[in-house]
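Enquirer: Spelled out, the chains give:
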Amino acid sequence: MVANNRSTGLSTDKDILIKKSILLRIGRAMNWFRYNLALIIPAIVVVVVLSCLHPSFLTVRNMTNILREVSVIGILAVGLCIVMASGKFDISFYGVGNFVMMTCAVLVSSYQLPFISVVLLGIAIGMAIGALNGFLVSILHLPDIMATIGVAGLFAGLSYMYTEGVFIWMYAFPRIIWLGTGKVGPITVPVFVLIAAVIIAYIFMYKLKHGLRLEAVGINPDAATHAGISTVKYRFLAFLLAGGFYGVAGVVYLGRMGKGLPTGFDALMLPVFAATFMGTAMFKGKANIIGTVVGAFILGSVMNGLTLLNIHWTRADLYRPVIFLIILIAAVSIRKRRVVG
Amino acid sequence: MNRSLFRKAIGNYGLLFIYAGVFVFFSFAAPAFFTHGNMIGLIHYTAEMLLLVLGFSIVFISGEFDLSFMYVFPLVTVILAFFISILGWSPSSALVMAMLVAFLAGLTNGFLTMYVKIPSFFATISVAFICFGVIHAVTGPYSIPCYFVPWLAFFGQGYIGGIPFNFILAGILYIIFTFILGMTRFGRQLYAIGDDAEAARNIGIKVNLYKMLAFILGSLIVGLAGVMYCTRLASGQATTGPGFMLPVFAAVFLGMTMFKVGRVTIYGALIGAFFMNTVANGMTHLGIPFYWQPFVSGAVLIGAVLTTIAKERIEI
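Top to bottom, those sequences are chains A and B.
Quick note, the working numbering runs 82 ahead of the 1-based positions in the first sequence.
Quick note, the working numbering runs 57 ahead of the 1-based positions in the second sequence.
So here's chain A without its partners, still in its complex pose (with noise of 0.2 Å):
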């Protein structure tokens, strides 16, 4: 009701009596924090309780590691958010990352290409890769899940190819290395390409006319569609920007793990999923990118919590997805449950 009188201008008696009440009002912010921040509660609770129960989890030192830790996780859930936020979901990462992970570190070991234009060519082929997917889904209007899926199968079979399945290390190349481990000032490289790429997608989702246009087309289609924005060239953007940002995160995770593994990407499915769909449902419940940084930085913590408190990798392995179900559904049930209207 106050939101219809603000849009119009208009208002009465009674909305100026209900507007001047203080508990309303504290009842909305109370509303608007819930539905906006729902994800902040959960990250509090998640590091206040990490902080206590391992000295050395808030420390400065630790951060960073949590921050390199999250990196690769980020930079996918990035371009998973950008796909989402037009309206389409994409689980071809997985297939992108381990066929650009592995024709990266073809190129590299056996062709000897320079170091730049590896980095290019992995984003190229993410890109190509991402042309198709928007191809499949968003010209021939397949649905998206199955479609990706498929395309996740038909790279993910590819990524074999070049070696049957055997490793090919990357350590007699340094700058390859340099990318996933090295260090600037006390900062690793990944963090620096996470930030890169949080900040180059800030500013087309927020600050350039085509994120408004993109997010537009994701909330309601048949409107963007009466607004003259073309819902086809939209997602096809979105699908070919993510595919870019799947090919730098094939990249910088050969570096990290220092070898080409044809299977890399594929224990990296829930995080991705889980970050995204956090940033995405229960912050501002839409998709958007910070949200989707915070989601990653709380799975990053928990994963981190875990090899702290000294937990088995076996036990580990039970306690994350638990752990990421109960974030998950503290955080939509606090959303869901509104103070005032």
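Please keep in mind that the hints were generated in silico from the structure rather than gathered at the bench.
Any given hint could be a false lead.
Stated by the list, open to error - Pulled a few chain B residues facing chain A out of the computed Cβ check, cut under 8 Å: (1) Phe139; (2) Ile143; (3) Phe178; (4) Ile182; (5) Ser183; (6) Tyr348.
Stated by the list, open to error - To be clear about the criterion: a stretch of chain A counts as covered by chain B if any three or more of its residues have a C-beta under 8 Å from a C-beta of chain B, and this derived list gives those stretches: (7) 252-265; (8) 401-407.
For each residue, glycine too, the CB sits at the ideal point set by N, CA and C.
Here the structure of chain A is known, so what remains is to put chain B in place on it, guided by the hints.
Expert: Quick look at chain B alone, frame taken from chain A:
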């Protein structure tokens, strides 16, 4: 008249012709393909895939998405082998335990999707990874060898009249579910929910209850597939699940291109499952490396989805 009949035959039964073509091709290209032993082997190991496809289809008909089978399936095998060979339980109670785990997974899927209102895709993938965690907590990444008493081993290794028992069981389940989904109130209402959940709720169908039932049924069938797999290989397999994901999706979507285009049918999914396994089997006979199988699965999946969409557009 003749022409439209031809078009209908190609349109609705095209996959059968393609399947026949593939079959004939492999029979000529690989001498050991069309032999008694290989055919029995093919239906022997397709039985589990048939059940996975059935479980996925039931949930998919109700309009939800169940990815949890990719780790519920290995979890059931691991639980069964673990309780029998390490804890020394009696086979029947271990079997009950394994099915109980599958039931719980289905219950959790339904609860998270229907009552916590997490989208089914994410809810089921979380459940899948929790199952993965349980597997690791129980065994680490190792498989558990296990000896089964004859009546339990009969699930996976038994033959009746030269035909594998697990295939007969899968066939019986397919007949039962074709009947349930096609001719009972439950089945028709499940299709109605899948088409439009809001409309179904407005005409008084208990949407949440039915979807919950679909999730539980789906998981129980996946559990049965796990029991068959475990008893066939005589071990709890910790790492088997994710490889089935793509072929199962591809099979269900191949099934959607047949009979009633754009609709999930049980018998269509059956043919889809056979198609996928026949292609994989034939490729192995021709000596094509294993990593082309996910590639082919992905290509078939995209092709099937494309065909469905193209046909639907023509009809509309």
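Enquirer: Hint by hint, say whether it matches the structure.
Expert: Here is what the structure says about each hint:
{"no.": "1", "hint": "Phe139", "in the structure": "violated, 14 Å"}
{"no.": "2", "hint": "Ile143", "in the structure": "violated, 15 Å"}
{"no.": "3", "hint": "Phe178", "in the structure": "holds, 7 Å"}
{"no.": "4", "hint": "Ile182", "in the structure": "holds, 6 Å"}
{"no.": "5", "hint": "Ser183", "in the structure": "holds, 5 Å"}
{"no.": "6", "hint": "Tyr348", "in the structure": "holds, 3 Å"}
{"no.": "7", "hint": "252-265", "in the structure": "violated (count 0)"}
{"no.": "8", "hint": "401-407", "in the structure": "holds (count 6)"}
Going through the hint list in order, the structure does not satisfy hints 1, 2 and 7.
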